[in-house]
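K.L.:
Listed below, chain by chain, are the residues.
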Amino acid sequence: MLEVKGLHATVDGKEILKGLDLVVRAGEVHAIMGPNGSGKSTLSHVIAGREGYTASAGTVLFDGRDLLELEPEVRACEGIFLGFQYPVEIPGVSNLTLLKAALNARRKHRGLPEIEATDFLAWVRDRARLVKIDPKMLSRGVNEGFSGGEKKRNEILQMLILEPRLMILDETDSGLDIDALKIVADGINTLRSPERATILVTHYQRLLDYVRPDHVHVLAGGRIVRSGGPELALELEQKGYAWLEAA
Amino acid sequence: MATQPQDIQELMRRREYSAGFVTSIESDTIAPGLSEDVIRLISARKQEPEWLLEFRLKAYRRWLKMEQPKWAQVHYPPIDYQAISYYSQPKSHKDGPKSLDEVDPKLLETYKKLGIPLKEQEMLAGVAMDVVFDSVSVATTFKKKLGEAGVIFCPISEAVHEHPDLVRKYLGSVVPFGDNFYAALNSAVFTDGSFVFIPKGVRCPMELSTYFRINERNTGQFERTLIIAEEGAYVSYLEGCTAPQRDENQLHAAVVELVTLDDAQIKYSTVQNWYPGDEEGRGGIYNFVTKRGDCRGRRSKISWTQVETGSAITWKYPSCILRGDDSVGEFYSVALTHHRQQADTGTKMIHVGKNTRSTIVSKGISAGHGQQSYRGLVRVLESAENARNHTQCDSLLIGDRCGAHTFPYTEVRNPSARLEHEATTSKIAEDQLYYCRTRGIAEEEAVSMIVNGFCKDVFKELPMEFAVEAGKLLAVSLEGAVG
Ligand SMILES: Nc1ncnc2c1ncn2[C@@H]1O[C@H](COP(=O)(O)OP(=O)(O)O)[C@@H](O)[C@H]1O
Ligand SMILES: [Mg+2]
Chain V
161 MLEVKGLHAT VDGKEILKGL DLVVRAGEVH AIMGPNGSGK STLSHVIAGR EGYTASAGTV
221 LFDGRDLLEL EPEVRACEGI FLGFQYPVEI PGVSNLTLLK AALNARRKHR GLPEIEATDF
281 LAWVRDRARL VKIDPKMLSR GVNEGFSGGE KKRNEILQML ILEPRLMILD ETDSGLDIDA
341 LKIVADGINT LRSPERATIL VTHYQRLLDY VRPDHVHVLA GGRIVRSGGP ELALELEQKG
401 YAWLEAA
Chain Y
30 MATQPQDIQE LMRRREYSAG FVTSIESDTI APGLSEDVIR LISARKQEPE WLLEFRLKAY
90 RRWLKMEQPK WAQVHYPPID YQAISYYSQP KSHKDGPKSL DEVDPKLLET YKKLGIPLKE
150 QEMLAGVAMD VVFDSVSVAT TFKKKLGEAG VIFCPISEAV HEHPDLVRKY LGSVVPFGDN
210 FYAALNSAVF TDGSFVFIPK GVRCPMELST YFRINERNTG QFERTLIIAE EGAYVSYLEG
270 CTAPQRDENQ LHAAVVELVT LDDAQIKYST VQNWYPGDEE GRGGIYNFVT KRGDCRGRRS
330 KISWTQVETG SAITWKYPSC ILRGDDSVGE FYSVALTHHR QQADTGTKMI HVGKNTRSTI
390 VSKGISAGHG QQSYRGLVRV LESAENARNH TQCDSLLIGD RCGAHTFPYT EVRNPSARLE
450 HEATTSKIAE DQLYYCRTRG IAEEEAVSMI VNGFCKDVFK ELPMEFAVEA GKLLAVSLEG
510 AVG
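One line per chain: the protein sequences are V and Y, in this order.
Residue 161 is where the first sequence starts when you use my numbering, and the numbers rise one by one after that.
Residue 30 is where the second sequence starts when you use my numbering, and the numbers rise one by one after that.
Some hints here could point you the wrong way.
Simulated DEER-style distance windows between Cβ atoms [claimed, not checked]: (1) V:Asp369 to Y:Asp486: 45 to 51 Å; (2) V:Ser387 to Y:Lys501: 49 to 55 Å; (3) Y:Lys501 to V:Glu229: 18 to 24 Å; (4) Y:Ala112 to V:Thr278: 29 to 35 Å; (5) V:Ile275 to Y:Arg311: 42 to 48 Å; (6) V:Ile338 to Y:Thr453: 36 to 42 Å; (7) V:Leu256 to Y:Lys198: 46 to 52 Å.
Taking lysine-lysine and the DSS-like style, the derived pairs with C-alpha atoms no more than 30 Å apart in a straight line are [claimed, not checked]: (8) Y:Lys485 to V:Lys311; (9) V:Lys268 to Y:Lys485; (10) Y:Lys296 to Y:Lys489; (11) Y:Lys485 to V:Lys296; (12) Y:Lys75 to V:Lys296; (13) Y:Lys75 to Y:Lys94; (14) Y:Lys456 to V:Lys296; (15) Y:Lys456 to V:Lys311; (16) Y:Lys75 to Y:Lys172; (17) V:Lys296 to V:Lys311; (18) Y:Lys296 to Y:Lys501; (19) Y:Lys198 to Y:Lys229; (20) V:Lys311 to V:Lys260; (21) V:Lys292 to V:Lys342; (22) V:Lys296 to Y:Lys489; (23) Y:Lys174 to Y:Lys94; (24) Y:Lys377 to V:Lys260; (25) V:Lys311 to V:Lys292; (26) V:Lys292 to Y:Lys485; (27) Y:Lys229 to V:Lys260; (28) Y:Lys229 to Y:Lys99; (29) V:Lys268 to Y:Lys489; (30) V:Lys260 to Y:Lys485; (31) V:Lys311 to Y:Lys489; (32) V:Lys260 to Y:Lys501; (33) V:Lys268 to Y:Lys94; (34) V:Lys174 to Y:Lys489.
It is worth saying that the hints were derived from the structure and are not from the lab.
Since the structure is predicted, the reported quantities are computational estimates derived from the model, not experimental observations.
Yeah, the Cβ is synthetic: ideal placement off N, Cα and C, and Gly gets one too.
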C-alpha cells in the first residue's frame, strides 16, 4: 500500500530524513519508535503533504502511485489520514462543519452526492459514542477549548468518521490517562481490517499492549536503524534507544 | 514553500468581480458639474414642489462652506466635484414605467445577470423589491399586495408627489441637511431612493428590498432612503448594491434615515458589493454614506446589519439615537477589504432615554493590502439612566500586508451606565489550513469555512434568504484565494 524508498527530506533547508525505507502492506500495523527529534513527525508530514516538508530524494508510492505529486487534500480523499501530535484549533468553525465538509469532499472525489443531513448526524452520533465524546461538544469550534486528551480522542473520532485506508497516528497516545488510552486503542482496532493499514508513532509499549503491531521500527537520525516484531518494542522499553544510536 | 501568507494573498488576489459588466443603454445624463442651476434642473426634471428645491439649495449653500472630513483612516486623491454628473436616467424611462411590462428589457436583462429577477413570478416569494438604476427608480414590485396592508413602498421621488406631508415631515429629521459634508451634498443633489411607511400596528407582510446599481460613467449615485415605522409597526428591509468595473473612481454618497415610534421595530440589512477596484487600486466606488436611525418611541428598536465586501473606500457609520425609554439599538457588521480596499466603518450609539440598550458586533476581514478601521462611539447622556452597551470587535487578518485598527470611543455622562468592550485580532494560520487539507478540504474551501465561521454571529442576523447569499458573496470574494 505504502512504499517509501531512499527518502531524504528537508524542513526549512535542513535535512531531517536521510535515506528512509519503509514498506507497509494492507492489513498491517507498524509501530515507529525513536528518540525525540529523530524525524518521526517529519515523516508523517511528508506523507500527509505539508508544504515546506520537501522530499529532496527518494520516492513515496501509495497504491503504486507517486504520492508526492498530490495535494494534501487529494491524498486525504485517496484515503490517507494523519492524526496530529498537536491537533490544531479552529475557533468559529464547528467540529460538525469540518466533519461534514471533509466527508463531502471525499464523496465528491468519488463522484458521490453530498451526504443527507440526517444520515450525517446519525453517523456522527454513532461514532462519537465509540470514543465517548458528548455530541454536544461537536457544535463547538474545532478543538476549541478541548483538553489535551479530548483533542486526541477527537482525532480518533475524525478518523472513525472518515474511515481512511492508511492511518498515521503521531503520538496519539502521549499524555493520555489509561481510560483515554483504551478508548483510543479501541478506535484504532475498530478500523483495523485486511484492507487498511496503520502506522503508530509512539514512545510507549502500553499502546502496543492494546494494539498489537506486526512490525516495529526504530527511527533515529533520519533513518530506520532497526526493524523487528513486537518484541523489539519490549526491548526498547527496557534498554532505551542509546544502544541503537551508538550502533 | 509552506503556505505562507503570500500564497494566501495570491489566492485572494484572484478574486473576480462578477457584477462588473456595463449595460449599454441610452441615457439622459445632465452634463458634469455642480451649481445652483444644476440643482434647479434636477428639481425641475422631477417636477418637485418648491419646499424640496429650497431644502436642496439650503443644503448646497451649506455644503459650499464645508470641508471634506479628514479624520477617517482612508487615503484618496482629492475628488473633483465638478467632474461628476449628478443625474442620469435610462432614456427609455422618460415617462416612468407604469408596470414591470414597461421596463426596458435591457434593464431586466441586467438584473437577471446580477441574479435579481424582476418579474414578479420569478422573484423570491415574500420579498418586494425597488430597483434604482443610476439616478432613478426603475421598478417596484408587489406594490398592490403591500398597499392592501397599508404599507407604502415606492421611489422617494414618487412619494414626494403622492405623500408630500409624510416626506416633508420626516425628510432631514434624522440626518439634518447640514449634518456632514457628504450628507449635505446628498441633500442637495439626491435623485432617488426608497420610501417606506409602515402605519401603526402593521407588521409588514414581506421583506422589502432595494437594489442599487450604478451603470453610467462619471455619474455619482446619491440615493436617499427614508423609512418610518409608526407605533407597534415592524419592517425588515434589505439593500443590495453593485456597479460595473471601471478604471476611474465613482462616488456614492447616500443618506438613509430611519424613524421608529413607540414599540416599533426596523431591521435594516445591507449587502454592499460595489466594484472594489482592481489589484492595484485602480477604479472602484467611493462609498461615503450617512445612515442613522432615530428610536423616537419607547421600547422601539433599530437593528443595522451590514455585509460590506465592495467599494474602494467605505466610510460609513450606521448609528442609532436611543431617544425613547427602553429603546434598543443594534449594529452587526462584516467588512471585507483586500487588494487596496480601505474601510473606515463602525457605528454610533447615542443613549438618551432611560434603560436604553445597545449591542455592537463588528467583524473585520483584511487581506492583500486591505486596510480597515473600526470606529465606534458609545455616548451616554446624563438623562440615560441605566444604559447598557456591549461591544464585540474582532479582526481577522489574511497575510501580513493588510491592517486592522480599532478606535472605540466612549463618552459617559451618567454613572449608572454599564459598558463592556471586547476585542480580538486573529490570523488564518498556515497550520489551520493544513489541518483542513489533511481532512480532504481544499484550501479555498477551508479559507471560506474559516471566514464564514468568523462571521456567523453577524450572518445569523440577516434575513434567511440573504444569509445564504452573504455567505456565497464572501466565498466569491475569496475565490482564487488559494492556488
Ligand atoms: N518547522 C520546522 N522547522 C525547522 N526544524 C524543524 C521543524 N519541524 C521539525 N524540525 C526539526 O526536525 C527535526 C525532527 O523533528 P520531528 O520530525 O518533529 O521529530 P520527532 O517527531 O521524531 O520528535 C528536529 O530536529 C526538529 O527540531
Ligand atoms: Mg513528533
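K.L.:
Would you pick out the hints that fail for this structure and give their numbers low to high?
P.N.:
3, 4, 12, 23, 24, 27, 28, 33, 34
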